[in-house]
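Add chain R to chain U, keeping to what the hints say.
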Amino acid sequence: MEKQWEDMSPDEKQEALFQRWISPEGVKFASPQAEKLYKERTTRIKDALQLKKKPDRVPVMLIPSFAPAYYSGLTPYDVMYNYEKIAPAWKKFSLDFQPDTHGGCAVPSPGKFLEILDFKLYKWPSHGVSKKTTYQAIEGEYMKADEYDILIHNPLYFFYYIWPSRVFGTLEPIATLPSLSSVTEMYGVSVPFFPYGTPPVKAAYQAILEAGDEALKWIQVVGGFDVEMPALGFPAHQAGPTKAPFDVIGDTLRGTRGIMVDMYRQPDKLLEAMEVLTPMFIQLGVDAAKMAGNPLIFMPLHKGADGFLSDAQFKKFYWPSLKNVIMGLVDQGVVPLLWAEGGYNSRLEVIKDLPKGKTAWLFDQTDMAKAKKALDGIACVMGNMPMDLMSVGSTQEAIDHAKRLIDICGKDGGYIMANGAFFDEVKWENLRAIVDTVKKYGVYK
Amino acid sequence: MAANLVNALADLKEEEALKIVKDRLNAGEEPLKILEDARKGMEIVGKRFADSEYFIPDLVYSGEILKAVTELVKPKLTKAAESKKLAKIVFGTVAGDIHDIGKDIVVFMLDVNGFEVIDLGVDVPVQKFIDKIKETNAPIVGLSGFLALAFDSMKETIEAMQKAGLRDKVKVMIGGGQMSDEIKKYTGADAYGKDAMAGVALAKKWVSAS
Numbered sequence: 001m002e003k004q005w006e007d008m009s010p011d012e013k014q015e016a017l018f019q020r021w022i023s024p025e026g027v028k029f030a031s032p033q034a035e036k037l038y039k040e041r042t043t044r045i046k047d048a049l050q051l052k053k054k055p056d057r058v059p060v061m062l063i064p065s066f067a068p069a070y071y072s073g074l075t076p077y078d079v080m081y082n083y084e085k086i087a088p089a090w091k092k093f094s095l096d097f098q099p100d101t102h103g104g105c106a107v108p109s110p111g112k113f114l115e116i117l118d119f120k121l122y123k124w125p126s127h128g129v130s131k132k133t134t135y136q137a138i139e140g141e142y143m144k145a146d147e148y149d150i151l152i153h154n155p156l157y158f159f160y161y162i163w164p165s166r167v168f169g170t171l172e173p174i175a176t177l178p179s180l181s182s183v184t185e186m187y188g189v190s191v192p193f194f195p196y197g198t199p200p201v202k203a204a205y206q207a208i209l210e211a212g213d214e215a216l217k218w219i220q221v222v223g224g225f226d227v228e229m230p231a232l233g234f235p236a237h238q239a240g241p242t243k244a245p246f247d248v249i250g251d252t253l254r255g256t257r258g259i260m261v262d263m264y265r266q267p268d269k270l271l272e273a274m275e276v277l278t279p280m281f282i283q284l285g286v287d288a289a290k291m292a293g294n295p296l297i298f299m300p301l302h303k304g305a306d307g308f309l310s311d312a313q314f315k316k317f318y319w320p321s322l323k324n325v326i327m328g329l330v331d332q333g334v335v336p337l338l339w340a341e342g343g344y345n346s347r348l349e350v351i352k353d354l355p356k357g358k359t360a361w362l363f364d365q366t367d368m369a370k371a372k373k374a375l376d377g378i379a380c381v382m383g384n385m386p387m388d389l390m391s392v393g394s395t396q397e398a399i400d401h402a403k404r405l406i407d408i409c410g411k412d413g414g415y416i417m418a419n420g421a422f423f424d425e426v427k428w429e430n431l432r433a434i435v436d437t438v439k440k441y442g443v444y445k
Numbered sequence: 001m002a003a004n005l006v007n008a009l010a011d012l013k014e015e016e017a018l019k020i021v022k023d024r025l026n027a028g029e030e031p032l033k034i035l036e037d038a039r040k041g042m043e044i045v046g047k048r049f050a051d052s053e054y055f056i057p058d059l060v061y062s063g064e065i066l067k068a069v070t071e072l073v074k075p076k077l078t079k080a081a082e083s084k085k086l087a088k089i090v091f092g093t094v095a096g097d098i099h100d101i102g103k104d105i106v107v108f109m110l111d112v113n114g115f116e117v118i119d120l121g122v123d124v125p126v127q128k129f130i131d132k133i134k135e136t137n138a139p140i141v142g143l144s145g146f147l148a149l150a151f152d153s154m155k156e157t158i159e160a161m162q163k164a165g166l167r168d169k170v171k172v173m174i175g176g177g178q179m180s181d182e183i184k185k186y187t188g189a190d191a192y193g194k195d196a197m198a199g200v201a202l203a204k205k206w207v208s209a210s
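Line order of the protein sequences matches chains U and R.
Residues 1 to 445 (the working numbering) are what the first sequence spells out, left to right.
Residues 1 to 210 (the working numbering) are what the second sequence spells out, left to right.
No lab work stands behind these hints, which were simulated from the structure alone.
Here a beta-carbon is modelled for each residue, glycine too, at the ideal position from N, C-alpha and C.
There's no promise every hint is true.
To be verified - Pairs of lysine-lysine residues, derived as DSSO-like cross-links and limited to a Cα-Cα distance of at most 27 angstroms, are as follows: (1) U:K28 with U:K92; (2) U:K144 with R:K74; (3) R:K19 with R:K76; (4) U:K403 with R:K185; (5) U:K123 with R:K128; (6) U:K144 with R:K76; (7) U:K54 with U:K373.
Stated by the list, open to error - Pulled a few chain U residues facing chain R out of the computed Cβ check, cut under 8 angstroms: (8) L121; (9) S130; (10) Q136; (11) T256; (12) M260; (13) V261; (14) M263; (15) Y264; (16) G307; (17) L309; (18) Q313; (19) K315; (20) D424.
Next up, chain U with everything else stripped away, as it sits in the complex:
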């Protein structure tokens, strides 16, 4: 009899998730060629990640922001407001460039949904930035300095009521809703429900229902794409994202300024809050991986980059909770793809303290020779195709850089070519040249 999930070791869990990814249930491949490509691509990436054997060649991933829209002559606004335009553009992008994976088509969040709920956390095309521009975050203190205790002691209440009331203008009235923990007897059972009868709260819930309709329309497009692409031979390079606890607080709850002041004024509360977030963000990744049958979970890392924190601050505030999230994922067979945005040169000695073949590090502007040396035999390294070369460099420069990366990082496997930062409009001929170079020059003999 097959071993039950709970009885498996972390290695067995990882292998089981990889097998589900390599041989996906229910996928009707478009052709024998598509099936062959799919198996080759998943196996190639598995080999590069596990560091057990050399893949047949260096895998290549493209991780675009709105690039597929621009490539099809569409603006970010077009795809955020016309969901039916998303999948064809994203599909064309994969078919034309032929990378080894697809990353889903969830980048264009549904514009109408954002409008209905009056999302405050970002400016998006036609709402604060031009229709031709990608969306951009607006940092703020969405959680106030004195609210750590609510987050620490009542995280569900915080995320169900307080948090949405701050980031969605339409949902402001729900901040006043009481917790239902008082419902224990007949006496007083209806009391916590009376606010639901008031017009502001009713309007907020009406908006949630409308937003739900919109989200449903959108998810059908995005979900349909995730079904179609494997059938065409492209495996997904992620089951979903999760985040480092420090970034959860620093990016969105307290903002950069807020969290940095908290490091001085209330360091213990900050550390405690990150401890509370840790299991939540492990669960997020594990659930997504198990549901999708894909061990790869992306983790964009932001505020631990070179220059953001001192070594001591990184070791005290950033790394411990991130490592706990990583190990929690690894323990469940998940392979976190850690996207170290910015530079990570000063962090290499710290992050190499990880078990072998369980993680991958995608670098943006880090010195790749140093990164490879530090992580050799520990983790697959990825990335470093730089934005300036992709955008304004000559095609030859892009090819040369790609070759150099393969020479430096690809020697014995354990390297995946990828862009270093999320990209929009670039020189398409450079992008094509990079993919082609990997396919020719990156073959292992």
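Here is chain R on its own, set in the frame of chain U:
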């Protein structure tokens, strides 16, 4: 006593710094002297940041302490502080880009190093840069950007300076996110600064050369 506030601020001792300020105000001291000490403390913070002894959290926190100090002193101020500045610099994040963390750090560092920075904020339209350069006669312009879309915004901003006949009168530096020497060439800027210290060094070099 004077040295205490300087050190308390430089060492990021918030409570101590505020207590000293209150005591000195209660003793009837000239508020401008207190602010001058605070400025000296911030100068040390800037130096420590340049020496990689301090990082962004330390800069941010020093700014918070300074804010609290200024709030205490302000009501007692009778005349405005005057200090001689090295040169004016028009600074901003270019059109389409709303990122401010990097820009704020460079502005802070330029300020504590004696420059008068005219901070135009984020998503600054081309024309606003042009108008401000004309109005202030600033010899230096700093263009900040985090996203790749800033490549073109920077290029357009610099081209507009050319058209307005300002290009020969200003030195332009760019920095932030995905900027590089490659992008410097693309945009037509005079220099790329990879961090705040590089920006300060460029500004100092340009001022001494003029």
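Status of the U:T256 interface restraint (C-beta, 8 angstroms, chain R): holds, 6 angstroms
Minimum beta-carbon distance criterion (8 angstroms), U:S130 to chain R: Where the cut-off is 8 angstroms and the nearest Cβ of chain R is about 6 angstroms from U:S130, the hint holds.
Interface hint for U:G307, Cβ within 8 angstroms of any Cβ on chain R: With Cβ-Cβ at 7 angstroms, under 8 angstroms, it holds.
Hinted pair U:K144 and R:K76, Cα distance within 27 angstroms: Violated, because 30 angstroms separates the two Cα atoms, which is more than 27 angstroms.
Hinted pair U:K54 and U:K373, Cα distance within 27 angstroms: The given pair, whose Cα atoms are some 17 angstroms apart, holds under the 27 angstroms limit.
Straight-line alpha-carbon gap U:K144 to R:K74, limit 27 angstroms: holds, 26 angstroms
Proposed interface contact between U:V261 and chain R, which counts if any beta carbon pair is under 8 angstroms: Holds - the Cβ of U:V261 comes within 8 angstroms of chain R, reaching about 5 angstroms at its closest.
Chain R contact restraint on U:Q313 - CB to CB distance below 8 angstroms: Since the shortest Cβ distance to chain R is 6 angstroms, the answer is holds.
Interface hint for U:M263, Cβ within 8 angstroms of any Cβ on chain R: Where the cut-off is 8 angstroms and the nearest Cβ of chain R is about 5 angstroms from U:M263, the hint holds.
Pair hint R:K19 and R:K76, alpha-carbon separation not exceeding 27 angstroms: Status holds; Cα separation ~16 angstroms.
Agreement of hint U:L121 with chain R interface, Cβ distance less than 8 angstroms: violated, 12 angstroms
U:K123 paired with R:K128 [C-alpha distance capped at 27 angstroms]: holds, 21 angstroms
Hint check: violations occur at hints 6, 8, 19; the rest are consistent with the structure.
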